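*Asks:* Which chain is which? The protein sequence lines are A and B, in order.
Whatever position you read off the first sequence (first residue = 1), add 121 for the working numbering.
Whatever position you read off the second sequence (first residue = 1), add 15 for the working numbering.
Simulated from the structure, these hints should not be mistaken for laboratory data.
Errors might be hidden in some of the hints.
To be verified - Below, simulated DSBU-like cross-link-like pairs (lysine-lysine); rule was C-alpha separation at most 35 Å, straight line:
| id | chain 1 | residue 1 | chain 2 | residue 2 |
| --- | --- | --- | --- | --- |
| 1 | B | Lys83 | A | Lys282 |
| 2 | A | Lys152 | B | Lys108 |
| 3 | B | Lys130 | A | Lys282 |
| 4 | B | Lys143 | A | Lys398 |
| 5 | A | Lys143 | A | Lys364 |
| 6 | A | Lys364 | A | Lys323 |
| 7 | A | Lys152 | A | Lys382 |
| 8 | A | Lys318 | A | Lys364 |
| 9 | B | Lys108 | B | Lys83 |
| 10 | B | Lys57 | B | Lys130 |
| 11 | A | Lys152 | A | Lys282 |
| 12 | B | Lys125 | A | Lys323 |
| 13 | A | Lys318 | B | Lys108 |
| 14 | B | Lys125 | A | Lys318 |
| 15 | A | Lys323 | B | Lys130 |
| 16 | A | Lys143 | B | Lys83 |
| 17 | B | Lys83 | B | Lys57 |
| 18 | A | Lys382 | B | Lys130 |
| 19 | A | Lys190 | A | Lys398 |
| 20 | A | Lys364 | A | Lys152 |
Said to hold, decoys possible - Partial list, computed: chain A residues near chain B (C-beta under 7 Å):
| id | residue |
| --- | --- |
| 21 | Leu132 |
| 22 | Val201 |
| 23 | Arg273 |
| 24 | Asp300 |
| 25 | Gly302 |
| 26 | Arg307 |
| 27 | Pro334 |
| 28 | Ile336 |
| 29 | Phe340 |
| 30 | Met350 |
Quick caveat, the model's predicted, so the values are computed rather than measured.
Note that the Cβ used here is the ideal one computed from N, Cα and C, for glycine as well.
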Amino acid sequence: MATAVMTDPMLPQPYLVREVSKETPDTFTLKLAPEDGGSSSAFQPGQFSMLWVFGVGELPISISGDPAKHEQLVYTVRSVGQATNAFVSQSVGTGVGVRGPFGAGWPVEAARGHDVIVVAGGIGLAPLRPVIYEVLHHRQDYGRLVVLYGARSPRDLLYRKELAAWARHRDTQVLVTVDYGGMSWRGHVGVVTTLFKYARLKPANSVAMVCGPEIMMRFVTRELVSHGMSHNDVYLSMERNMKCAVGFCGHCQYGPHFICKDGPVFPYEQMRPLLDKYEL
Amino acid sequence: METLERILAEHPFFAGLESYYTGLLVGCGANVRFQPGSYIFKEGEEANEFYLIRSGRVALEIFAPQHKPIVVETLEEGDILGWSWLLPPYLWKFHAHAMQDTRAIALDGKCLRTKCEQNHDLGYEVLKRFAQIMERRLEAARLQLLDVYAVR
């Protein structure tokens with residue numbers, strides 16, 4: 122096993138880029154495998170890794186692959202700056218360093234026996250994709266799966282083929298919308314919150330997992346609560362400037378929490394007092 | 016057989032409306048159907064009705080000269096299409112076209128305005144429902160305006 126759990130969490134393990142695929146004009150999915158040919162680190166849906174692009178820097182990136190597949194780690198990254206641009210520009214066979222996985226993930230165990238509502242905006246679908254895999258692998262353990270996904274435009278939608286495939290599963294509803302549609306787009310147009318009126322929800326027996334820009338999560342949580350969801354059954358994935366990933370450096374402190382160590386996934390109830398604070 | 020009165024009563028927009036008022040509205044309604052790709056109305060035309068969508072999908076689009084039309088919202092089963100009939104100058108502000116085979120109940124705006132003027136209780140019920148829709152769409156438009164997925 123390439124990434125021994127007991128090793129120094131600050132020490133990157135050597136991985137190789139095995140595959141690079143373009144999702145959208147600025148977003149890429151990279152598959153990494155341990156350099157020594159062993160199994161990659163096991164992870165929980167919602168956890169993240171610190172990825173070293175040698176000579177450039179380190180990036181905190183959520184794992185977007187299937188937790189049941191141990192031969193590789195998968196990351197979907199939007200190129201928005203020097204380090205992310207360097208990472209998505211890696212060619213197959215290039216070496217990168219991987220630390221982790223880190224953090225608290227989505228409550229997939231606690232959600233067993235319940236309906237699962239996944240609400241994602243933009244690149245926020247990437248950290249939630251492992252949840253969808255997990256539910257579909259253990260379909261009998263969960264109730265209905267409802268996926269609500271919003272993106273800026275049709276060309277910004279991630280995993281389009283998978284979205285269509287997921288929708289074909291039993292007891293699964295997948296609704297996709299874009300903020301602006303061209304004339305060739307035949308699907309929904311409107312912000313992600315407008316999908317709720319078409320979703321078949323049973324709020325009393327559901328667990329909701331939400332990931333996207335913070336302002337989108339604020340509107341979505343408001344919508345979930347207005348549909349009767351309890352604050353305790355709604356979970357959010359938060360994002361701050363993570364550096365050490367183990368709660369030492371304090372870069373990602375958010376109120377009394379370290380996003381890297383206590384999160385990135387938090388119950389909404391815990392985040393609620395902080396989300397409305399201008400200063401944070 | 017599904018009567019127009021029953022369809023109106025069961026549409027989410029009129030949920031909870033007393034049957035007496037539904038009875039008043041029936042006289043203003045008619046079943047309509049739009050083929051995919053057909054325009055239901057266009058910006059600047061007289062707004063003489065609104066639609067309770069029963070099935071299908073309708074795109075609201077903005078036309079800007081020298082640009083391709085932009086679809087800003089889609090409406091589906093259970094949604095309401097159009098409120099320009101309610102407020103002067105009674106002209107449509109957008110284009111609306113059927114993206115799919117779309118069935119709806121068209122309610123004659125002039126007929127409804129007259130009934131609302133004659134019966135203010137009915138007018139209040141109708142306005143309350145439109146106000147809720149306007150509030151929700153205004154909130155959605157604000158969120159859309161924020162362009163939350165853009166790179167900052």
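*Asks:* Hint by hint, note whether the structure agrees.
*Replies:* Verification of the supplied hints:
With a CA separation close to 27 Å, the supplied pair lysine 83 of chain B and lysine 282 of chain A stays within the 35 Å bound. Between lysine 152 of chain A and lysine 108 of chain B the alpha-carbon distance is near 48 Å, which puts this suggested pair outside the 35 Å criterion. Simply put, lysine 130 of chain B and lysine 282 of chain A have alpha-carbon atoms about 51 Å apart, too far for the 35 Å limit, and the pair is violated. For the given pair, lysine 143 of chain B sits about 33 Å from lysine 398 of chain A by alpha-carbon distance, which is consistent with the 35 Å threshold.
Of the supplied pair hints, the one linking lysine 143 of chain A and lysine 364 of chain A holds, its CA atoms being roughly 27 Å apart against a limit of 35 Å. In summary, the hint linking lysine 364 of chain A to lysine 323 of chain A is not supported, as the alpha carbons are separated by about 39 Å, beyond the 35 Å threshold. As the CA atoms of lysine 152 of chain A and lysine 382 of chain A are separated by approximately 25 Å, the hinted pair is consistent with the 35 Å bound. Taking the CA atoms of lysine 318 of chain A and lysine 364 of chain A, the gap is about 40 Å. The hint is violated against a cut of 35 Å.
Distance hint between lysine 108 of chain B and lysine 83 of chain B is fulfilled; the C-alpha atoms sit about 17 Å from each other, no more than 35 Å. Between the alpha carbons of lysine 57 of chain B and lysine 130 of chain B the distance comes to roughly 26 Å, so the proposed pair stays at or under 35 Å and holds. A C-alpha spacing of about 18 Å is found between lysine 152 of chain A and lysine 282 of chain A, which places the hinted pair at or below 35 Å, so the restraint holds. This hinted pair does not check out: lysine 125 of chain B and lysine 323 of chain A have alpha carbons roughly 40 Å apart, beyond 35 Å.
The straight-line distance between the Cα atoms of lysine 318 of chain A and lysine 108 of chain B is roughly 24 Å, inside the 35 Å bound, and the hint therefore holds. The straight-line distance between the Cα atoms of lysine 125 of chain B and lysine 318 of chain A is roughly 29 Å, inside the 35 Å bound, and the hint therefore holds. Between lysine 323 of chain A and lysine 130 of chain B the CA atoms are separated by roughly 39 Å; this puts the pair beyond 35 Å, and the hint is violated. Taking the CA atoms of lysine 143 of chain A and lysine 83 of chain B, the gap is near 26 Å; set against the 35 Å cutoff, the hint holds.
Distance restraint check for lysine 83 of chain B and lysine 57 of chain B: the Cα-Cα separation of roughly 15 Å lies within the 35 Å cut-off, and the hinted pair is therefore satisfied. For the given pair, lysine 382 of chain A sits about 63 Å from lysine 130 of chain B by alpha-carbon distance, which is inconsistent with the 35 Å threshold. A hinted pair counts as satisfied when its Cα atoms are at most 35 Å apart, and lysine 190 of chain A with lysine 398 of chain A does not qualify at roughly 40 Å. The hinted pair formed by lysine 364 of chain A and lysine 152 of chain A meets the criterion: a straight-line CA distance of about 22 Å does not exceed 35 Å.
With a least beta-carbon distance of about 32 Å to chain B, the hint placing leucine 132 of chain A at the interface is violated under the 7 Å criterion. Of the supplied interface hints, the one on valine 201 of chain A holds, with its beta-carbon coming within about 5 Å of a beta-carbon of chain B, less than 7 Å. Interface hint at arginine 273 of chain A: satisfied, since its Cβ lies 4 Å from the closest Cβ of chain B, which is below the 7 Å cut-off. Restraint check, aspartate 300 of chain A versus chain B: the minimum CB separation of about 5 Å is within 7 Å; hint holds.
Restraint check, glycine 302 of chain A versus chain B: the minimum CB separation of about 4 Å is within 7 Å; hint holds. Using the Cβ-Cβ criterion of 7 Å, the hint placing arginine 307 of chain A at the interface with chain B is satisfied: the shortest such distance is roughly 6 Å. Taken as an interface hint, proline 334 of chain A checks out: its beta carbon lies about 4 Å from the nearest beta carbon of chain B, inside 7 Å. Satisfaction of the interface hint for isoleucine 336 of chain A is found here, the shortest Cβ-Cβ separation to chain B being roughly 5 Å, below the 7 Å cut-off.
Taking 7 Å as the C-beta contact cut-off toward chain B, the hint placing phenylalanine 340 of chain A at the interface holds, the least distance being around 6 Å. The interface hint given for methionine 350 of chain A is violated, since its Cβ lies 18 Å from the closest Cβ of chain B, which is over the 7 Å cut-off.
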